[in-house]
Amino acid sequence: GALLTSMDLAENNIAITKKRFKVFNLKADFILGNAEELASYFPNKQFDLVYSFGVLHHTPRPTLALNECFKVLKPGGELRIMLYAKYSIKNFLIYLKRAQPEAQPGCPIAVTFSKKEITKLLEKFEIIECKKTHIFPYRLKEYKKLNYVKKFPWNLLPLKLFHVLEKKAGWHLLIKAKKPIL
Numbered sequence: 084g085a086l087l088t089s090m091d092l093a094e095n096n097i098a099i100t101k102k103r104f105k106v107f108n109l110k111a112d113f114i115l116g117n118a119e120e121l122a123s124y125f126p127n128k129q130f131d132l133v134y135s136f137g138v139l140h141h142t143p144r145p146t147l148a149l150n151e152c153f154k155v156l157k158p159g160g161e162l163r164i165m166l167y168a169k170y171s172i173k174n175f176l177i178y179l180k181r182a183q184p185e186a187q188p189g190c191p192i193a194v195t196f197s198k199k200e201i202t203k204l205l206e207k208f209e210i211i212e213c214k215k216t217h218i219f220p221y222r223l224k225e226y227k228k229l230n231y232v233k234k235f236p237w238n239l240l241p242l243k244l245f246h247v248l249e250k251k252a253g254w255h256l257l258i259k260a261k262k263p264i265l
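Going by the numbering used here, the sequence shown opens with residue 84, and the numbers climb by one from there.
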């Protein structure tokens, strides 16, 4: 089994997560905190894995948050994160001011990164993998009802071609890195 520590900046998110864990009879430690100060919450603790999906690109100082992740990882520990891709169809459409259901207006911070910027950002880590994925092809109204109807032009593309396009111009950069063993 694994020991899990969950951290969030918002009290409401911690409360929701606690309820879900209770429903599934799961255990974890829950911390209300800021990723930019991660090591201060765990002065005598190191982790095998730090996982963050869709969080660190919303922090004012992602470099600081990633340095904090480095501090709390054991040597040989793994970092798995998702950051928004700068060179993506989604970012291009946002730039054109086209409505994007996944990128809600009013989001105060949403930083995007190129693979080159990721390499610099994670220079202390050994990057194992950095790949693009995720183009949201569905009509939102139907999607919310669990009816997966693809919108134009995605409904015209063969699945194989769609996956190739995701790898080149997807919105999510999935990154797996390790803290070196010294």
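Some hints could be false.
[Stated by the list, open to error] In silico lysine-lysine, BS3-like type, Cα no more than 30 Å apart, as pairs:
id: 1; residue 1: 199; residue 2: 101
id: 2; residue 1: 199; residue 2: 261
id: 3; residue 1: 198; residue 2: 214
id: 4; residue 1: 207; residue 2: 243
id: 5; residue 1: 261; residue 2: 214
id: 6; residue 1: 180; residue 2: 214
id: 7; residue 1: 215; residue 2: 233
id: 8; residue 1: 228; residue 2: 199
id: 9; residue 1: 180; residue 2: 261
id: 10; residue 1: 169; residue 2: 101
id: 11; residue 1: 154; residue 2: 224
id: 12; residue 1: 180; residue 2: 101
id: 13; residue 1: 169; residue 2: 128
[What the hints assert, rightly or not] Okay, the calculated beta carbon distance ranges per label pair:
id: 14; residue 1: 236; residue 2: 126; range: 33 to 39 Å
id: 15; residue 1: 92; residue 2: 206; range: 24 to 30 Å
id: 16; residue 1: 234; residue 2: 265; range: 32 to 38 Å
id: 17; residue 1: 235; residue 2: 124; range: 18 to 24 Å
Calculated directly from the structure, the hints in this document are not laboratory data. Remember, it's a predicted structure, so these values are computed and weren't measured experimentally. Backbone N, C-alpha and C define an ideal beta-carbon position, used for all residues, glycine too.
Each hint tested on the structure:
Between the alpha carbons of residue 199 and residue 101 the distance comes to roughly 37 Å, so the proposed pair goes past 30 Å and is violated. In summary, the hint linking residue 199 to residue 261 is supported, as the alpha carbons are separated by about 18 Å, within the 30 Å threshold. A distance of roughly 9 Å separates the Cα atoms of residue 198 and residue 214; the hinted pair therefore holds under the 30 Å criterion. With a C-alpha separation of about 36 Å, the suggested pairing of residue 207 with residue 243 is violated against the 30 Å cut-off.
Distance restraint check for residue 261 and residue 214: the Cα-Cα separation of roughly 16 Å lies within the 30 Å cut-off, and the hinted pair is therefore satisfied. With a C-alpha separation of about 26 Å, the suggested pairing of residue 180 with residue 214 holds against the 30 Å cut-off. A distance of roughly 20 Å separates the Cα atoms of residue 215 and residue 233; the hinted pair therefore holds under the 30 Å criterion. Distance check on the hinted pair: residue 228 and residue 199 sit about 38 Å apart at the alpha-carbon level, beyond 30 Å; violated.
With a CA separation close to 37 Å, the supplied pair residue 180 and residue 261 exceeds the 30 Å bound. This hinted pair does not check out: residue 169 and residue 101 have alpha carbons roughly 34 Å apart, beyond 30 Å. Distance hint between residue 154 and residue 224 is unfulfilled; the C-alpha atoms sit about 43 Å from each other, more than 30 Å. In summary, the hint linking residue 180 to residue 101 is not supported, as the alpha carbons are separated by about 37 Å, beyond the 30 Å threshold.
For the hint linking residue 169 to residue 128, the alpha-carbon distance of about 34 Å lies beyond 30 Å, and the restraint is violated. A beta carbon spacing of about 52 Å between residue 236 and residue 126 contradicts the range 33 to 39 Å that was offered as a hint. The hinted window of 24 to 30 Å between residue 92 and residue 206 holds, with their beta carbons roughly 26 Å apart. Between residue 234 and residue 265 the beta carbons are some 50 Å apart, a value that contradicts the proposed interval 32 to 38 Å.
Between residue 235 and residue 124 the beta carbon distance is about 47 Å. The supplied range of 18 to 24 Å is therefore violated.
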